[in-house]
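Q: One line per chain: the protein sequences are P and D, in this order.
Quick note: the first sequence, position 51, residue 42 per the working numbering, numbers continuous.
Take any residue in the second sequence, count from 1 to its spot, add 116: that is its number in the working numbering.
Don't take every hint at face value.
Examples of chain P residues lying across from chain D (beta carbon under 8 Å, computed) [unchecked claim]:
(1) -5
(2) 1
(3) 3
(4) 25
(5) 28
(6) 32
(7) 34
(8) 62
(9) 68
(10) 104
(11) 106
Simulated from the structure, these hints should not be mistaken for laboratory data.
Using N, Cα and C, we set each Cβ at its ideal position, and we do this for glycine too.
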Amino acid sequence: METRAALSALTAATAAALDVASCQLWNGWSRSVYVHEIWLHWRTGGTTFTARGARTTARGTQSSTVALNALHLFDSPRTLVPTNINLDLDFSVEPTFTAGIYLFAVNMTAAASDPRHIPFDRPIEVPASEGLALVNGGGTIGQLDATFIISF
Amino acid sequence: MSRRYSVAGRSGATNATAGHCAATLWNPSAGRVLSVHEIYMVSAGAVADNWALVVATARGTAGSTVTPTIINDFGNASVAPNSGAVLDLGAYSVQPTVGTLYIRRGNRPGALGVEFPIIFTRPFEIPPGEGLSIVVPSGLSVAIQATDFTFVWEE
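Okay, chain D solo, but in the shape it has when bound (with noise of 0.2 Å):
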């Protein structure tokens, strides 16, 4: 049976680049897909700004970065993710590479404490060596604030 994990983190500020990623769950393993189940983004800053989710297929260089462990796992029998997933955060010195090619894509009021969910009703996969990125949408250059960031993904 697939155990369910969560991992949170808070990003620092984007650039006001477009491709600019605040965040990205990525999956380092050689074997395992990730059924991502839900994202919440709470923002920390009271600053408008617009993202968009998209896939990641070059995992960059995170500003920092936080490794799931076994308190991670939602169940009792508690075991650290076997693919070895991480939550890469911004602000990176070296982005990750994504395209346009939008999953989802909205945009914040400026103000602090908005929360935005995203629940997939049938999970997003994210094969071995991708990630799934929020980025700056292309064409707009406002930097996305800082960002409490939670992912939750089963495997």
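With the rest of the complex left out, here is chain P (with noise of 0.2 Å):
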């Protein structure tokens, strides 16, 4: 049976540009991993943020990261098998990607604390050594609380 797992993290504010990376989800394992949902709260506020979701072939230069750990996995008892499935976040290097090929987007208001769920009836597959970003489809200044639901 598969195994879920959740990696939730605040980005950091992205560049008021097109397509600079918030976050990515990395698949640094050896197999394919499956996005089910993505959470997002929309955290800045006062302008409207879109988020678009990118596949990525290069991981870029993150300046954090959250790393899977047994503690985000659903399953009891919490047996972590992966290796290098991470959450990327503030980026120097971006994250290669073809603009203008997204599998989703999103808006959000103005409002602060704007929650978007983002569910997948059948999961996005990730390769190894793949990722899934979401970049800034707005040109706005934009951090978020975002949160990837994953088994494998």
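Need the complex rebuilt from these two chains, each delivered in its own frame; the hints are there to steer you.
A: Okay, here's the thing in structure tokens:
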């Protein structure tokens, strides 16, 4: 049976530019990871924000990251098998993705705390050595509470 | 067959300190696992705040505790939770032991009655001797305001 887990973090504020990454689920494991849901809370407020989902093929350089840990697992007993699955944040070198090709997009109102739930009825498969990033789709500064629900 | 329960209670405001806990569903049993299906948080104050959901590995000392009874059983042939599960509520005098490996996090506007549901499409399991807590996230110094919490689980 699959193992389910959640990775959650506060992103850094992105630059006010299109197609800069806010966060990225990076799969450095040897097998595919599946994304079932993404939860977002718009933090900045005062302006609208668009987040777009993009497949990434190179990790870029993140200033901080949350590494998958046994305490992220849904199932008891918590036996962690995968390694090198990370939620990357705050990039000095952007991950590689194809601008203009997105899997999904959501808009947030100018109200702080505006939440978005992005469920995937069939999970998005992220192959080994690839990622799934949320990138800035509106050109405004943006900071998010972001959660990825995954399985492997 | 597993039985479903829910329990609700209102927390007091936490301190404005990272890691301080507003509520925990604690599993004191020696061998039973709690499968958490849903958590509901409704603000009982009008102050913006932030929250994170995280595993607790030691209980701490809660400000108050709600102990579910047979009344909390969803079924007709009511049975009190065999696990002895309890809802601990802030403000804590001794914080539960939590890290910063969050399962979910978010923030709320400064308005009374803001509801945020956490629905697990696959239940999150709490092993014996552990809990699931709502805490002030790391790096932030904003108190979690008084909140009505509801935890729904099966065991």
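Q: Now tell me, hint by hint, if it's right for this structure.
A: For each hint, the structure was consulted:
| no. | hint | verdict |
| --- | --- | --- |
| 1 | -5 | 5 Å, holds |
| 2 | 1 | 7 Å, holds |
| 3 | 3 | 11 Å, violated |
| 4 | 25 | 12 Å, violated |
| 5 | 28 | 7 Å, holds |
| 6 | 32 | 4 Å, holds |
| 7 | 34 | 6 Å, holds |
| 8 | 62 | 4 Å, holds |
| 9 | 68 | 6 Å, holds |
| 10 | 104 | 4 Å, holds |
| 11 | 106 | 7 Å, holds |
The structure is inconsistent with the numbered hints 3 and 4, although it conforms to all the rest.
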